[in-house]
Amino acid sequence: MQSQVKLPLPSSQNWKPETALSLSLSLSLCGFRMGRNETVPFLVLLLSLSLPWISLAYRPGDLVPMSKMGQYHSSRTVWHDMIGRHCPIYAVNREVLIPIPKPVGYTGADPYKISFQVGREKFLIPWLLVVNRKSSEVPMIDVHLRYSGSDLHGVTAKVVDMPHHYVEIHPDIKKQFWDPQQWPKHVLVRYTWEENSEIDVTSGFYVLFGSGLLMSFILSIYILQSSREKLARFVREAVAESSMPEGGVAKVE
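Residue numbers for the sequence shown, in full-length UniProt numbering: 1 to 253.
There's no promise every hint is true.
In the BS3-like style, the derived pairs of lysine-lysine whose C-alpha atoms are separated by at most 30 Å in a straight line are [what the hints assert, rightly or not]: (1) K175 x K102; (2) K113 x K134; (3) K174 x K158.
Here are the simulated distance ranges between beta carbons [claimed, not checked]: (4) L124 x S226: 43 to 51 Å; (5) L63 x E137: 27 to 35 Å; (6) Q182 x E95: 40 to 48 Å; (7) E237 x F209: 19 to 27 Å.
These aren't lab readings, by the way, just hints derived from the structure by calculation. Backbone N, C-alpha and C define an ideal beta-carbon position, used for all residues, glycine too.
Throw the hints in and build the complete structure from the sequences for me.
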């Protein structure tokens, strides 16, 4: 009976290059116990598990998924995925109008708050007060996103007064927002991206060194599995030659 090795797999949102390399090296060590017929499927599995973190990478212009939740009084909604035209676009500054549905039991006497989760990493934006915030100005949500290369590093947001030139260009926004019978409300969201050019040399070296070590393990496994018979024959011949008497002929079985 073949023994089974069970390894805990981390969730995709916590999967990092270091985690992938550690798991791959563990699987490589397990591979020495496998037979020759299992080598190819094992290598395919190893390669597929070693780089899942690539799926979290973004490219400029990619849609960054986003979801929202509302709270009124002590009642909260569940997380709702936002449609594409309301979500941020990676490394692209833009502004969108998002609808705010009327909460259940709304009377207009209490504030209404919303919260967001941004990206596949699910960066959390805490509660933002958007309705009944004790201001005569129309609110606007200013979202600040930090990134470098293909990685989203963090998100912050705050509620500010909508600039007057926006209100002048779109006067209907102010009229509809203050109309108690007009639902859903529409709130302007401004996505601003900031690129961090800092290079993490230590992490880069770790990933590079780990990748080279991983490939060395894979090649070692493949060579040992495919050359086992040739190696055994070479050892037998070497032993036979070392024990051959002078002028005699040794028999190699």
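To see whether the hints hold, each was checked on the structure:
Restraint check for K175 and K102: the C-alpha separation of about 17 Å stays at or below 30 Å, so the hint holds. Distance check on the hinted pair: K113 and K134 sit about 13 Å apart at the alpha-carbon level, within 30 Å; holds. The straight-line distance between the Cα atoms of K174 and K158 is roughly 19 Å, inside the 30 Å bound, and the hint therefore holds. At about 50 Å, the CB distance of L124 to S226 agrees with the hint of 43 to 51 Å.
The given range of 27 to 35 Å is respected by L63 and E137, whose C-beta atoms sit roughly 30 Å from each other. The hint said 40 to 48 Å for the Cβ distance between Q182 and E95, and at roughly 21 Å that hint is violated. Checked against the hint of 19 to 27 Å, the pair E237 and F209 fails, with Cβ atoms roughly 38 Å apart.
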